[in-house]
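*Asks:* Residues per chain are reported as follows:
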Amino acid sequence: MGENEIVAALKRGDLSVVEDIVGLYGNRLLRSAYLLCGNESDAQDLVQDTLVQAVQSIHRFRGDSSLYSWLHGILLNLSRHYHRERKRLVQGHDFDSQPGESVSDEASRLDLESVSPVLMEAMRKLSEPHREILVLRYFEEMKLDEIARHLNISKGTAKSRLHYAAESLRSLIPKELNLFGDSGTD
Amino acid sequence: MKCSQCQDLLFEYLDGTLPSASQASVQEHLRECSSCRTVFEREKQFSGSLPGLLGEQTVLMELPPQFHQKVLSRLERDAHPVLKGDFSWFEQCAHAWAGVAAIAVLMFSIAALFVIRDSLGQRAVCFSKAAFYRLPGVAVLPRRCLSDQPGYDRVGKPSPGLWPGFDLAVPPSSVVNLEPADL
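Sequence lines, in order, name chains Z and Y. Residue numbers for the first sequence follow our numbering, beginning at 2 and rising by one. Residue numbers for the second sequence follow our numbering, beginning at -9 and rising by one.
Just so you know, not all the hints are guaranteed correct.
To be verified - Calculated pairs, BS3-like style, for lysine-lysine (alpha carbon to alpha carbon, straight line, at most 30 Å):
1. Z:Lys160 / Y:Lys34
2. Z:Lys12 / Z:Lys88
3. Y:Lys60 / Z:Lys12
4. Y:Lys60 / Z:Lys88
5. Z:Lys126 / Z:Lys160
6. Z:Lys144 / Z:Lys156
7. Y:Lys60 / Y:Lys(-8)
8. Z:Lys88 / Z:Lys160
9. Z:Lys144 / Z:Lys126
10. Z:Lys126 / Y:Lys34
11. Z:Lys144 / Z:Lys176
12. Z:Lys126 / Z:Lys88
13. Z:Lys144 / Z:Lys160
14. Z:Lys176 / Z:Lys160
15. Z:Lys144 / Y:Lys34
16. Z:Lys144 / Y:Lys(-8)
17. Z:Lys160 / Y:Lys60
18. Y:Lys34 / Z:Lys176
19. Z:Lys156 / Z:Lys126
20. Z:Lys156 / Y:Lys60
21. Y:Lys34 / Z:Lys156
None of these hints come from the bench; they were simulated from the model. What you are looking at is a predicted structure, and each value in this text was computed from that prediction instead of being measured.
Please take these sequences and the hints and turn them into a complete structure.
*Replies:* In structure tokens, the structure reads:
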């Protein structure tokens, strides 16, 4: 079933297409949610909330963007709410920079092939706007114009944020891993 | 083209979204300027590596089977707020009966109030100046509005006492059209 048929069915109140949406976009949303929140179980909850909210507010979908892009916009808002709640629950303690080993300390004990935990830990340590823009650019593979529209910011802001986000991520990855083929942070 | 202009356009150059003239200018500048070429190569390598690395983190991740059922259940619950909260059938019945019982207790209490008032022979409910309730064919009015009306004594008590203790009677025609402001 195509995007237009799904949207039309939802606007008619036909919930049988929920299975089609999950089949078409569910896993992609889940992976994006995981990169945004860093926890698989919470990522599933975020996807569930996203789809529920999407079905309930389908009348607001005007078709200016693709259905997936619209769903991702909802996911992004819910993920921001999720981070606010997490911060509130830990009473002002920044969950993104939990105490413990630094990325470098942890990496020094890892094989150079074991980049997964290091990369994910570095992603978690990024600020929320930096993490969001990296996910949009390098996971969702959005162009600069699309990112600006998606985040409702100017193209100039998107460029600058993207530049600083990439620098932050580079600085959090140990040079010896040479993860980005540029010999570390220099 | 200056270096700052070139570096400002790098993302769009990589996206291929620049107008063809600007695309050619950036390309030309990169051919001539080694420092901009270094910045460009660095970004190109980053763009070439990170998508694959992020994909590797998540490629095996999948929603559980029947995930859509969870979504449908949530939608069902949201459509029927009474069912919110994952209560069992028994709990839902218990809550419904508790509601019915609360209404019954409230009605019994109101009835008891009138019985007590009746037995004490005094007004349990005082009407303010603006209190004026009119039901079809029946009025409950402050006593002073009924004083000296046919069927009522000087202080507004019903003469025969339709219901002893209550100022409830078929209203005299002269007070039927009283407005709250008149009271």
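*Asks:* Look at each hint and say if it fits the structure.
*Replies:* Hints and how they fare:
no. : hint                 : in the structure
1   : Z:Lys160 / Y:Lys34   : holds (15 Å)
2   : Z:Lys12 / Z:Lys88    : violated (36 Å)
3   : Y:Lys60 / Z:Lys12    : holds (20 Å)
4   : Y:Lys60 / Z:Lys88    : holds (27 Å)
5   : Z:Lys126 / Z:Lys160  : holds (21 Å)
6   : Z:Lys144 / Z:Lys156  : holds (10 Å)
7   : Y:Lys60 / Y:Lys(-8)  : violated (56 Å)
8   : Z:Lys88 / Z:Lys160   : holds (28 Å)
9   : Z:Lys144 / Z:Lys126  : holds (24 Å)
10  : Z:Lys126 / Y:Lys34   : holds (24 Å)
11  : Z:Lys144 / Z:Lys176  : holds (28 Å)
12  : Z:Lys126 / Z:Lys88   : holds (14 Å)
13  : Z:Lys144 / Z:Lys160  : holds (11 Å)
14  : Z:Lys176 / Z:Lys160  : holds (25 Å)
15  : Z:Lys144 / Y:Lys34   : holds (14 Å)
16  : Z:Lys144 / Y:Lys(-8) : holds (24 Å)
17  : Z:Lys160 / Y:Lys60   : violated (39 Å)
18  : Y:Lys34 / Z:Lys176   : holds (18 Å)
19  : Z:Lys156 / Z:Lys126  : holds (25 Å)
20  : Z:Lys156 / Y:Lys60   : violated (38 Å)
21  : Y:Lys34 / Z:Lys156   : holds (20 Å)
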